[in-house]
Structures are given as structure tokens and as C-alpha cells.
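Student: With the hints as constraints, model all of the structure from the sequences given.
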Amino acid sequence: MTTTAQRGTAHSREGRDDLPIPYIERTRSYYLKLGYGNPYRWASNDQVPFTPLRRPLAEARLALLTTAAPVRPEAGDQGPRAPYNSAAKFYRVYAVPVDPPPDLRISHIGYDREHTTAEDPNTWLPLARLREAVAAGRLGSLAARVYGVPTNRSQVTTVDVDAPAALALLREDGADMALLVPNCPVCHQSMSLVARHLEANGIPTVVMGCAKDIVESAGVPRFLWSDFPLGNSCGRPDDVESQRQTLELALRLLETATASRTTVCSPLRWSDDPSWKDDFSNADLLTPEEIVRRRAAFDRDKDVARGRRG
Numbered sequence: 001m002t003t004t005a006q007r008g009t010a011h012s013r014e015g016r017d018d019l020p021i022p023y024i025e026r027t028r029s030y031y032l033k034l035g036y037g038n039p040y041r042w043a044s045n046d047q048v049p050f051t052p053l054r055r056p057l058a059e060a061r062l063a064l065l066t067t068a069a070p071v072r073p074e075a076g077d078q079g080p081r082a083p084y085n086s087a088a089k090f091y092r093v094y095a096v097p098v099d100p101p102p103d104l105r106i107s108h109i110g111y112d113r114e115h116t117t118a119e120d121p122n123t124w125l126p127l128a129r130l131r132e133a134v135a136a137g138r139l140g141s142l143a144a145r146v147y148g149v150p151t152n153r154s155q156v157t158t159v160d161v162d163a164p165a166a167l168a169l170l171r172e173d174g175a176d177m178a179l180l181v182p183n184c185p186v187c188h189q190s191m192s193l194v195a196r197h198l199e200a201n202g203i204p205t206v207v208m209g210c211a212k213d214i215v216e217s218a219g220v221p222r223f224l225w226s227d228f229p230l231g232n233s234c235g236r237p238d239d240v241e242s243q244r245q246t247l248e249l250a251l252r253l254l255e256t257a258t259a260s261r262t263t264v265c266s267p268l269r270w271s272d273d274p275s276w277k278d279d280f281s282n283a284d285l286l287t288p289e290e291i292v293r294r295r296a297a298f299d300r301d302k303d304v305a306r307g308r309r310g
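Using the working numbering, the first residue of the sequence shown is number 1, and each one after it goes up by one.
Just so you know, the hints here were simulated from the structure itself, not pulled from any lab data.
Any given hint might turn out to be false.
Below, in silico cross-link-like pairs of lysine to aspartate or glutamate (DMTMM-like), each with a Cα-Cα straight-line distance of 25 angstroms or less [as the list claims (entries may be wrong)]:
#: 1; residue 1: Lys302; residue 2: Glu25
#: 2; residue 1: Lys33; residue 2: Asp303
#: 3; residue 1: Lys33; residue 2: Asp284
#: 4; residue 1: Lys33; residue 2: Asp46
#: 5; residue 1: Lys89; residue 2: Asp299
#: 6; residue 1: Lys89; residue 2: Asp301
#: 7; residue 1: Lys33; residue 2: Glu290
#: 8; residue 1: Lys33; residue 2: Asp160
#: 9; residue 1: Lys33; residue 2: Asp176
#: 10; residue 1: Lys33; residue 2: Asp279
#: 11; residue 1: Lys89; residue 2: Asp160
#: 12; residue 1: Lys89; residue 2: Glu74
#: 13; residue 1: Lys89; residue 2: Asp120
#: 14; residue 1: Lys302; residue 2: Asp273
#: 15; residue 1: Lys302; residue 2: Asp99
#: 16; residue 1: Lys89; residue 2: Asp303
#: 17; residue 1: Lys89; residue 2: Asp77
#: 18; residue 1: Lys33; residue 2: Asp278
#: 19; residue 1: Lys89; residue 2: Asp103
#: 20; residue 1: Lys302; residue 2: Glu290
#: 21; residue 1: Lys89; residue 2: Glu114
#: 22; residue 1: Lys302; residue 2: Asp272
#: 23; residue 1: Lys302; residue 2: Glu289
Tutor: Next comes the structure, spelled out in C-alpha cells:
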């Protein structure tokens, strides 16, 4: 495990196969190949707020923020292996009780469907592992609710609407710190912008994610990077030990970071074969027929989402 602060570079392992996926460049090339001009501008910030942890973890209340969505039976397939489902999207910050465990899914966002199946919710919603940490005395308590943050391409809306709404809920529930778990590329940006707002208003945060370039471009105080396919920010599926290790790295980062832009790179590997990194949104792998198919599907999804937002 290595850390870096103030725009340093951190790698847990050496070698080209261990480099992170360049999501910013991948998505730019992908949508240009599909025929969309005016490439998306990802958030980029030079200044990053930082709030030190004010009390030991064992005495503190942690809030969990997610980009997963509450299940809506009328919205179609939202289960494991479900195709991308724009009808299941949500557009406002929400809060649901942690008990009983909420049924939150990620069918509405672009996680890596080729290399993971969303069958184990512990890979994107670490409530079970957090409860273990509370029971073991590692954490003082969990906030009474889980907080959902929309996957919003509008950075202005995230900063001016969603982030303040999340802050208000965390203050209402007496949260001392926050763990933010993104899933898709835009999720990583949204959660990073929310983390910045929470820190600027006195709540220490840590982001657990897989899209290193997006989070570090946005600029966050603390970031735990796992070199896993999107949708697995909290550990490997059906691998409780990897989930526990990943959470512990995040908690330790909350305790030990002394400056903003501190990144910890998890030493865990997804696979001994790194070729899975070649596939996500890789425009170079698309045939002309596949480009046409994906463009049509994307346009349909936009129409559905537009209707949901309205």
C-alpha cells in the first residue's frame, strides 16, 4: 500500500499491466466514434478542501453515500446481469433507512457488464462489512440512513443542488464522516464533487472507487483506488475477505491522511490476466455494425431518461 498527497503519483505494483484504465480518454474516444461531437468536459480542480478527522473512528458516526438506486418494480429488469436500464434512474438525492437493509441496485448506470454481473451487492454497497466494523468496535456507529446521489452529467447541478442536499441530510443525522461509493464513470465524478462539498463544510470523507483518473481530476481529499472493473468499488464479488480488506484500507485512510489529494492504491488484483482492462468503452474494438447498434441504443436510452426526468 502506498499513499501520495498534493498531486503525487501512487502505484502499489509496478508494470504496464498495473496501470489504471484511462476512463476520461476512453469515454471521449468512444462517444466520438459513435458520432457525438463536443466531447464531455470532466471536472478538473486545482484546489481541494480538507477536513481532519475530529474524533477516533471507534467514537464516530459514519454516513454511507451511494449511486445505487432503490428498486422500482414498474421500471423493468433491475436485477443481476440486467442490461443498462435508464428507466430505473433517479434524479434527486434520497435517503433510506439502513435497517432493514435497503434493496439498492445499479442497473441504471454504466458499470462493467462484461466482467462483472452485479450479483453480490456487497461490491457496491458495503453495509454488511460496515456493520461488522461497528460490531468489532472499529467504527462507533452508522448513520441511520443510506444516502443516494444521482449520476448527473451536469456538474453545476451536482455542485449547486445535489451536494448541498446530501450535506443537509448528513447534518440532520449527525454524521461525523462519510464514505462515498461510486460505480460508473460519471458516478465517480458526481461523488467526487459531493465529497469536496462535504469537506468544505466540515465533514471528512473518503471515496472508494475504480476510476482513478476521473476522481483525481475532480480532486478529492482521500481516495481509495481499487483496480477492479466498475461496479466493484468495495471488493471482489463473493469474496468477503477482499471486501473486508478494501473497507479497512478506506477506514485507515480516514484516520491517517494529513493532506488533500491523498490516494491509496489497493494491492488487491481483480485477475492475474489484466486483459479485462482492454474492453470497457474501447472504441478501437467496435465494428461498424456495432457502432450503429450502440448509437441507436444510446439514443433510445436518452429518450427514456429524458422522460423519467420530466
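Student: Going through the numbered hints above, which ones does this structure break? Give me the numbers in ascending order.
Tutor: 4, 8, 9, 14, 15 and 22
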